[in-house]
Each structure stands twice: as structure tokens, then as C-alpha cells.
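Using the sequences plus the hints, can you model the full thing?
Protein sequences appear in the order of chains A and B. Position 222, counted from 1, in the first sequence is what my numbering calls 222; the numbers after and before it change by one each time, with no gaps. Position 264, counted from 1, in the second sequence is what my numbering calls 264; the numbers after and before it change by one each time, with no gaps.
Please note that a few of the clues may not be correct.
Given that identical chains are not distinguished, each listed pair holds provided it fits within a single copy or across any two copies.
The calculated EDC-like cross-link candidates involving lysine to aspartate or glutamate, where the alpha carbons are at most 20 Å apart (straight line), are [as the list claims (entries may be wrong)]:
| id | residue 1 | residue 2 |
| --- | --- | --- |
| 1 | Lys-380 | Asp-176 |
| 2 | Lys-380 | Glu-262 |
| 3 | Lys-339 | Asp-252 |
| 4 | Lys-19 | Asp-46 |
| 5 | Lys-316 | Glu-204 |
| 6 | Lys-339 | Asp-410 |
| 7 | Lys-316 | Asp-213 |
| 8 | Lys-316 | Glu-361 |
| 9 | Lys-167 | Glu-57 |
| 10 | Lys-380 | Glu-260 |
| 11 | Lys-19 | Glu-107 |
| 12 | Lys-167 | Asp-410 |
| 13 | Lys-339 | Asp-251 |
No lab work stands behind these hints, which were simulated from the structure alone.
Residues per chain are reported as follows:
2 protein chains.
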Amino acid sequence: MDVRTYIEAHREEFLSSLKEWLAIPSISADPGHHDDVRRSARWLADHLTATGFPTVEVWETPGLPAVFAEWPAADPGAPTVLVYGHHDVQPVDPVEEWDTPPFTPTERGTSLHGRGASDDKGQVLFHTLGLRAALAASGADAPPVTVKLLVEGEEESGSVHFAELMKARRDRLDCDVAVISDTTMWAADTPSMCVGMRGLTDVEISLYGPARDLHSGSFGGAVPNPLKAMADLLSALHDRDDRIAVPGFYDDVVEASAEERELIARLPFDEAEWLATAASTAARGERGYSTLERIWLRPTAEINGMWGGHTGAGGKTIVPRSAHAKVSFRLVPGQEPLKIQDRVRAFVEARVPDGLRAELEFGGPGVRACASDLSSPALKAARRAMERAFGTPVLFTREGGSGPEADIADVLGAPLVFVAVGLDGDNIHAPNEKVETPLLLKGAESVAYLWEELGGTA
Amino acid sequence: MDVRTYIEAHREEFLSSLKEWLAIPSISADPGHHDDVRRSARWLADHLTATGFPTVEVWETPGLPAVFAEWPAADPGAPTVLVYGHHDVQPVDPVEEWDTPPFTPTERGTSLHGRGASDDKGQVLFHTLGLRAALAASGADAPPVTVKLLVEGEEESGSVHFAELMKARRDRLDCDVAVISDTTMWAADTPSMCVGMRGLTDVEISLYGPARDLHSGSFGGAVPNPLKAMADLLSALHDRDDRIAVPGFYDDVVEASAEERELIARLPFDEAEWLATAASTAARGERGYSTLERIWLRPTAEINGMWGGHTGAGGKTIVPRSAHAKVSFRLVPGQEPLKIQDRVRAFVEARVPDGLRAELEFGGPGVRACASDLSSPALKAARRAMERAFGTPVLFTREGGSGPEADIADVLGAPLVFVAVGLDGDNIHAPNEKVETPLLLKGAESVAYLWEELGGTA
Chain A
1 MDVRTYIEAH
11 REEFLSSLKE
21 WLAIPSISAD
31 PGHHDDVRRS
41 ARWLADHLTA
51 TGFPTVEVWE
61 TPGLPAVFAE
71 WPAADPGAPT
81 VLVYGHHDVQ
91 PVDPVEEWDT
101 PPFTPTERGT
111 SLHGRGASDD
121 KGQVLFHTLG
131 LRAALAASGA
141 DAPPVTVKLL
151 VEGEEESGSV
161 HFAELMKARR
171 DRLDCDVAVI
181 SDTTMWAADT
191 PSMCVGMRGL
201 TDVEISLYGP
211 ARDLHSGSFG
221 GAVPNPLKAM
231 ADLLSALHDR
241 DDRIAVPGFY
251 DDVVEASAEE
261 RELIARLPFD
271 EAEWLATAAS
281 TAARGERGYS
291 TLERIWLRPT
301 AEINGMWGGH
311 TGAGGKTIVP
321 RSAHAKVSFR
331 LVPGQEPLKI
341 QDRVRAFVEA
351 RVPDGLRAEL
361 EFGGPGVRAC
371 ASDLSSPALK
381 AARRAMERAF
391 GTPVLFTREG
401 GSGPEADIAD
411 VLGAPLVFVA
421 VGLDGDNIHA
431 PNEKVETPLL
441 LKGAESVAYL
451 WEELGGTA
Chain B
1 MDVRTYIEAH
11 REEFLSSLKE
21 WLAIPSISAD
31 PGHHDDVRRS
41 ARWLADHLTA
51 TGFPTVEVWE
61 TPGLPAVFAE
71 WPAADPGAPT
81 VLVYGHHDVQ
91 PVDPVEEWDT
101 PPFTPTERGT
111 SLHGRGASDD
121 KGQVLFHTLG
131 LRAALAASGA
141 DAPPVTVKLL
151 VEGEEESGSV
161 HFAELMKARR
171 DRLDCDVAVI
181 SDTTMWAADT
191 PSMCVGMRGL
201 TDVEISLYGP
211 ARDLHSGSFG
221 GAVPNPLKAM
231 ADLLSALHDR
241 DDRIAVPGFY
251 DDVVEASAEE
261 RELIARLPFD
271 EAEWLATAAS
281 TAARGERGYS
291 TLERIWLRPT
301 AEINGMWGGH
311 TGAGGKTIVP
321 RSAHAKVSFR
331 LVPGQEPLKI
341 QDRVRAFVEA
351 RVPDGLRAEL
361 EFGGPGVRAC
371 ASDLSSPALK
381 AARRAMERAF
391 GTPVLFTREG
401 GSGPEADIAD
411 VLGAPLVFVA
421 VGLDGDNIHA
431 PNEKVETPLL
441 LKGAESVAYL
451 WEELGGTA
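What follows is the structure, encoded as C-alpha cells:
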């Protein structure tokens with residue numbers, strides 16, 4: 001029985017299992033649902049045992065548990081793949097906006113509705129179906145690669161114990177490639193692979209001037225105004241081409257290859273539609289790059305918040321004592337968050353006018369960007385696997401946002417490959433989350449082929 | 001009996017009357033004290049009648065009453081002088097910081113402590129003593145000029161009905177010169193006259209971008225950020241010399257004369273002491289002007305408040321939907337607030353980037369600056385009068401702030417002359433307000449000579 005036939009034959013069984021799991025409201029951000037998160041971990045462990053994994057463990061953390069499983073390849077020389085996903089889900093408020101109850105999974109047409117259907121239970125579960133399909137197709141009783149699963153329970157509440165867990169269990173997690181199934185592809189008819197995510201570091205900048213608010217009649221125009229200095233500082237963050245003017249900011253940037261830019265240009269991007277999604281009437285960004293390149297390939301400096309002085313009703317004619325701003329920087333491969341923090345600090349301190357004092361508070365060590373090597377064998381294998389499943393060329397995308405994935409690559413020292421079938425229209429983190437069931441089956445088919453490709457048995 | 005002898009002889013009687021008036025807690029900003037403000041008006045009316053004014057009237061307003069009095073000169077061709085002051089006082093909080101109860105007037109050394117002692121009951125009352133002294137010295141039973149008093153009851157709560165009252169009573173207020181006794185002089189040993197106050201107009205600027213806050217991972221660096229645009233806009237408000245860059249802003253400025261700048265330079269200004277008062281560690285302002293000139297003679301643009309995006313704890317990686325700033329402009333003679341508003345609007349609108357929308361809300365029509373003509377006979381007469389009283393040269397100062405005085409000049413079409421003896425150290429609007437009684441007596445002496453000087457009888 002070939003992979004596709006097996007998957008079609010087990011469609012109902014697969015969906016039935018998924019619905020069972022989706023019925024567990026494993027909301028990690030809500031302490032009232034922490035028992036449900038633990039129940040979700042046990043459900044998954046049982047399911048993995050039933051799938052045939054010889055090793056299945058629930059890994060406790062100071063917070064909520066992750067699930068680990070391992071199925072060694074018959075050939076001890078075969079590569080090891082680690083699959084990352086999560087079994088906790090987002091909260092459901094405003095619950096009155098759901099068309100069907102969030103924890104009563106409901107099929108409507110090709111869609112399966114329910115919290116976690118796309119993010120991430122559906123995408124975790126297609127791995128078990130894909131693995132069974134690969135075994136059925138090969139007739140073997142062990143996969144062509146050693147398959148490890150690590151499915152965390154705190155992803156939707158900040159992955160606060162995840163890096164620590166990975167470090168503590170580092171020896172059990174050894175692998176040659178990490179497969180991430182927690183993202184989206186371009187469109188249902190345009191399968192794609194994410195090949196990078198931006199990093200992040202953020203800072204709160206405060207400028208302090210007079211020891212108290214001053215009457216602007218008595219002192220205005222004769223002492224430095226912290227809000228004015230903040231405006232000058234933030235205005236100087238970018239040059240006329242909307243490039244970031246912090247000295248050295250771009251020094252370590254690894255530019256995307258011409259091949260990747262060419263592949264991005266092939267995506268059927270509709271700028272008008274994108275602007276409608278952005279609820280903005282104009283696109284604007286670094287000169288010389290397209291909108292997609294600005295979001296995916298280029299670092300940014302964004303003012304997230306700013307405040308100081310009188311912000312209530314009416315006028316108050318003061319020179320305020322302080323000004324504050326929150327600025328976040330999206331980073332790209334090559335940029336070290338801590339090095340960027342040093343450069344931002346130097347930029348600010350070089351620009352503090354006489355009479356003012358600057359304080360910078362960085363929001364932790366930041367997150368590095370990650371990107372796949374487009375020429376790596378693992379990435380090529382995954383692309384071939386998805387193209388076999390979908391029967392159409394697979395393009396590359398990136399994510400403009402930042403996640404714990406870079407930590408995974410760092411801790412494990414393994415390349416990341418994103419195999420995921422979510423869609424932007426899946427309403428993840430919103431009411432009426434759903435997943436397209438045909439895409440889940442394509443996901444299962446893709447990973448079945450991927451194990452073959454990586455095991456060299458295709 | 002000469003003026004000074006009369007005043008010395010009536011010192012105790014004068015202070016006794018003032019203490020009686022200061023005991024009335026006429027706090028206009030506190031509705032619980034509005035009856036006291038009315039009582040204060042009646043007390044003043046009775047006192048003016050006792051002084052000898054043939055006409056004394058309490059003028060009701062939709063709010064709190066003003067007191068008007070008139071004493072015609074014997075010579076119907078003599079000039080008419082209108083004295084402006086106010087009989088309401090500031091609130092007293094924090095009352096626990098007063099060394100003596102605010103409405104139990106207490107003499108300590110040369111100081112008389114109590115709310116309103118300097119601002120403004122003491123400075124209103126020296127006019128009655130001065131007028132009696134002038135009559136005693138001349139032996140006449142009418143003053144050498146027609147003296148009118150207008151003492152409002154809402155100055156400390158915004159003078160909300162004052163302009164309307166003046167317009168309604170315009171015919172009764174006709175005068176050749178208006179004397180303002182509600183300000184300060186440079187120092188007890190450096191008598192001075194205020195010869196100008198700055199005007200004011202203020203605006204709240206809002207910039208609107210995306211219809212909602214956007215995720216900076218998905219949209220940052222590719223749509224215009226309203227906070228960034230606000231920083232650019234406010235940074236562009238001044239040029240490198242800290243001159244205001246709004247086109248046409250300085251077009252109508254009437255520059256202060258070389259004589260006035262020279263007189264300001266003669267004031268014993270201690271910049272280090274001033275910075276200590278400002279609680280600032282540096283002075284900064286328009287290139288080419290001293291600190292006093294920046295505050296008194298030059299228009300300014302001051303950012304009073306600014307806000308937008310995430311201003312709470314922690315990070316929130318958004319492109320905010322809007323940015324807001326409050327900006328106030330101090331104006332100098334020649335500048336029309338409404339014309340400045342037009343120019344500020346044009347400046348902002350010319351700089352709104354694509355994809356953003358600006359809204360400007362001006363805080364009313366603004367206030368014009370006022371300044372005395374240093375060569376006017378009235379000003380020269382007042383300076384001579386003060387020099388006779390103090391026995392030392394009288395210098396000129398200005399006020400950096402703005403008040404209703406420009407309205408008085410506008411409505412009455414009369415030049416303003418500031419004769420006042422308050423000190424910066426009088427703690428007006430603060431706990432432990434006081435006045436120096438020797439200066440109040442010098443104030444009385446000054447106006448006695450002023451009526452002579454203006455009446456041509458000196």
C-alpha cells in the first residue's frame with residue numbers, strides 16, 4: 001500500500017483522534033486550564049504509544065509538561081530527526097464570536113473547526129499518520145530515520161521553561177535535523193516552506209531632564225526639553241532611505257541570496273490585498289527592497305510606544321521632566337542581539353544633549369534570527385518531499401516574526417526545516433480557528449516522504 | 001504732610017485693613033469658598049467707599065463678582081487711569097506645609113504671611129493708601145487723575161468671564177492708561193517694571209496610520225509608523241540653531257529694541273542660580289540670545305506632552321495606530337495667534353507622510369503678547385514715580401508667561417503699565433505666601449507719585 005493510499009484509508013480514524021484531542025481545552029495561559037494541559041500531555045503520550053513509539057515520556061517542567069517520544073531507525077547509522085510542536089492552545093476570548101464552540105471540534109466542508117486545529121495539534125498529529133503511512137508503504141517495522149518528537153506545553157504562554165528543558169535533556173534530543181511543524185504556507189494552492197524567522201531585541205529608552213516639570217512660560221525655550229530630545233533621537237533612527245542609522249547596525253547582516261530573492265519575487269503577492277490586511281493606506285520601508293523583502297529579509301527598528309509630559313485632557317504648558325519610548329529591533333541572520341544592544345546604547349548615548357540623562361533598559365538578551373541554508377541536503381529533501389505530496393513546485397517564504405525556533409537550532413546545533421500546512425486564514429489566536437483537513441493529509445504525506453528522503457530509501 | 005510721611009503714619013491702619021481682608025478665604029477655584037469670594041468683594045467695596053471713592057459697584061458675572069470704583073479728577077481734562085487687580089486667591093493645599101494658617105495673617109519681621117498677601121490683595125490695597133497719601137500731600141479733595149479700579153474675582157480660576165465683563169462694561173472702563181499691579185519686580189533691592197508678557201497658542205497634533213495596532217513582526221518596516229512620523233515632525237520643529245522652523249513663524253515678530261536688550265543685560269542675572277531654580281543642569285535655547293532674552297523676548301515652541309502605542313509595562317511589538325503630541329507656542333509682540341495657528345497647520349500638513357492622516361486641535365484662539373512702548377509718556381511717568389519712591393534706578397523686565405493683560409490692552413485700547421512690588425520669593429500659588437510690607441508701602445508711594453506725574457502736578 002503506498003503512502004497516499006494508506007493516508008486516504010485512515011482519514012476518518014485520524015480525524016477522530018484529532019477531534020478527541022481538540023476537545024481538551026489545554027490553554028496554558030489560564031491557570032484554570034492547567035489540569036487540561038496535563039490531560040492533553042497524557043492523551044498525546046497514549047496516542048504516541050498506540051502509534052508504536054517504543055519510548056514515550058511526559059517531561060515535567062516547573063510549569064506545564066512536554067511530551068517526548070522516540071522511535072529508532074532499524075539502521076543505527078540512519079539520521080535522526082527531531083520534530084518540534086506544541087500541545088497547548090491559545091485562550092478563546094471573545095468566546096461569543098465563535099460560530100461553533102471552540103472545544104467541540106466541528107467539520108464544515110473541508111475545514112475542521114476548533115481551538116488548536118491548526119496551531120498546533122493538527123500539525124503535530126499529522127506526524128503520527130505520516131509515520132504509520134511510511135511504515136505501511138515500506139513494510140518495515142521501524143522508520144527509515146530515527147524519529148524523535150518534542151511537543152511542549154507552554155508555547156502559547158511564552159515557552160518560559162523550554163530552553164531550560166532542552167538544555168537539561170540535551171543528550172536525549174541529539175539530532176541531525178529539526179523539523180518544525182508550527183507555521184503556515186503561502187496558500188492552499190501554493191505550498192511553500194518557511195526558511196527563516198527574524199530575531200528580536202527591544203529596549204525602553206528614557207531621557208531625564210529637569211528634576212520636575214517646569215512652567216513653560218518661565219523656563220520654556222531656555223532649558224533642554226526631554227520630549228524634544230526624544231523626538232530628535234527617534235527621528236535620527238532612520239536615514240532618508242529608511243535605513244537604520246545606528247552605526248554598525250548592518251555590519252554582520254548576512255544578505256539573502258539572489259536565489260532566495262528571486263524565489264520570493266515568484267510568490268503571487270498582491271500588495272493591495274496585503275495593505276487591506278494591514279489596514280494601512282500606504283506601504284513604506286527601506287529603499288531598494290520589496291514589501292515581502294522588508295518584512296522577511298531586512299532588519300527593522302520600530303517605535304512601539306512613546307510617552308511623556310501631559311497626556312490628559314486640555315493643555316498644560318510645561319517643559320516635562322522626562323520622555324520615554326519603547327523600540328524593538330527585528331534582526332536577521334548574522335546579527336547578534338547583544339551586539340546590537342551595545343550599538344543602540346552607543347547611538348543613544350552619543351546623542352543625549354547637555355542637561356539630559358539617558359537610561360536604557362533592554363528586554364532580556366533578545367532572540368537571534370534563524371534561516372535555513374537553501375542548499376542543505378535536509379532542506380532539499382524536505383522540498384522534494386512536499387513537492388511529491390502536493391504535485392506542484394514548493395516555494396520559499398520567511399516569517400517576519402520571531403519565535404523560540406532559533407533556540408532550538410542553537411541548543412541542538414541542528415539545521416531547521418519547516419514542514420507545515422497552516423494557512424494565514426486559519427484564524428490562529430482568534431475566534432473560529434480551523435484547519436483544512438486536505439492540507440493536514442498532505443502534511444502527513446509530506447513527512448512520510450521526508451523520512452524516506454532523509455533515510456535514503458526513496 | 002508729604003506722601004512718604006503720610007504713608008509711614010498710616011502703616012498700622014493699612015496693615016490692619018489688609019489683615020482683615022486676608023482673613024477672608026476667597027478661593028475662586030473651590031465652589032465651597034464662593035460665598036467667601038462674594039464676601040471679599042463686599043469687603044473691598046466697603047473699604048473703597050471708606051477710602052472716599054464716590055462710585056463703588058459690585059459687578060456680578062455668571063460666575064463670581066468683580067468690584068469697580070471710580071474717583072473723578074477735579075480737572076475734567078485730566079487723564080483717566082484704570083487699575084487692574086484681583087481679589088480672589090489660590091487654593092492652599094498642601095495646607096500642612098504652611099508655617100502659619102493661610103487665613104490667619106501673621107507678621108514675621110518685615111514679612112506679612114497669608115494667602116493673597118502678595119497675589120493680589122496686598123497689591124490692590126496699596127492703591128487706596130497711595131491715593132489717600134496723594135490727596136493728603138496735595139491738600140485737594142479729588143485726585144490729580146481720574147482713578148478707576150477694576151478688581152476681578154475669577155483670576156485664579158482662569159478669568160473665564162472677564163473679557164465678556166470688560167466688553168459689556170466697555171463704556172465705564174474708558175481710560176488713557178491701564179496700571180497692572182499683579183506681578184513682581186526683580187528683587188527687593190532692584191526695583192523693576194514688567195514691560196511685556198508673551199502670548200500663547202497651543203495645539204494637540206494627532207497622526208493616524210493603520211486602522212488598528214499591527215504586529216511588528218508581520219508588518220513592521222513595511223508600513224508607515226505614526227510614532228516615527230511624529231518624532232520626525234517634532235524633530236523638524238526647530239532648526240540646528242534652535243530656531244522654530246515653521247515657515248513664516250517669525251515674519252511678524254517685532255524685535256525688542258537695542259535699548260531694551262541693553263537694559264536686560266544690566267539685570268544682575270545669575271545663570272547658575274537660575275538653573276538651580278529650574279532644576280536643570282544645562283541652559284539651551286535659540287542661538288544668539290541670552291537666557292533672559294530667550295524667556296522674555298523670543299517666541300518658543302515647546303512639546304508639553306506626547307503619547308502613542310504601548311506605554312505600559314513590558315514589551316509589545318506593535319506598529320501603533322496613532323501618535324499624539326501637545327505643543328504650545330509662546331508668542332511675542334507682532335505675532336497673531338490665529339495666523340500662527342494657520343502656519344503650524346500648514347507646517348504639519350506639508351509633512352504628513354503617505355499613509356498617515358493628521359488632525360490638529362487648537363486650544364482656542366490663543367492669547368496675544370503685550371509689551372509697553374518704552375518711550376511712551378505713561379511708562380516714563382511710572383518709571384519716574386517708582387524711582388522717586390525707591391530712590392534707585394528702575395530697570396525693565398518681562399514675563400515669559402501669558403495672562404489676561406493683553407486682553408485688557410486690546411479691549412480698552414490703552415497702554416499697559418505694570419507697577420507691582422511682588423517678589424519671586426513670595427511663594428505665590430504655594431504654601432507660605434507672604435509679602436514684604438516695606439515694599440507694599442513703596443508701592444503705595446509709587447502710585448501716589450504716579451498720579452501726580454500723570455496729572456502733571458508733580
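For Lys-339 and Asp-410, with the copy left unspecified, which applies at a CA distance of at most 20 Å: within, between, both, or neither?
Within one copy only: 17 Å inside, 61 Å across.
Intra- versus inter-subunit Cα pairing at 20 Å for Lys-316 with Glu-204
between (25 Å within a copy, 11 Å between copies)
How would you classify Lys-167 and Asp-410 at a CA-CA limit of 20 Å: within, between, both, or neither?
For Lys-167 and Asp-410, only the intra-copy Cα distance (10 Å) is at most 20 Å; the inter-copy one is 78 Å.
Up to 20 Å between alpha-carbons, please classify Lys-380 paired with Asp-176: within, between, both or neither.
within (14 Å within a copy, 94 Å between copies)
Since the copies are identical, ignore which copy is meant and state whether Lys-19 and Asp-46 lie within 20 Å (CA to CA) inside a copy, between copies, both or neither.
within (15 Å within a copy, 90 Å between copies)
Given identical chains, is Lys-339 near Asp-252, meaning Cα to Cα at most 20 Å, within a copy, between copies, both, or neither?
Cα proximity of Lys-339 and Asp-252: one copy only (10 Å, versus 51 Å across).
Within, between, both or neither: how does the pair Lys-316, Asp-213 come out at a Cα-Cα threshold of 20 Å?
within (10 Å within a copy, 28 Å between copies)
Can you tell me if Lys-316 and Glu-361 fall within 20 Å by alpha carbon in one copy, between copies, both or neither?
between (29 Å within a copy, 14 Å between copies)
At 20 Å max between alpha carbons, let me know whether Lys-167 reaches Glu-57 within a copy, between copies, both or neither.
within (17 Å within a copy, 88 Å between copies)
If the cut is 20 Å between Cα atoms, do Lys-380 and Glu-262 qualify within a copy, between copies, both or neither?
within (17 Å within a copy, 81 Å between copies)
Pop the pair Lys-19 and Glu-107 into one bin, within, between, both or neither, using alpha-carbon distances up to 20 Å.
Within one copy only: 10 Å inside a chain, 87 Å across chains, cut-off 20 Å.
At most 20 Å between CA atoms: does that hold for Lys-339 and Asp-251 within a copy, between copies, both, or neither?
For Lys-339 and Asp-251, the Cα distance is within 20 Å only inside one copy (10 Å; across copies 49 Å).
When the structure is compared with the earlier hints, no violation turns up for any of them.
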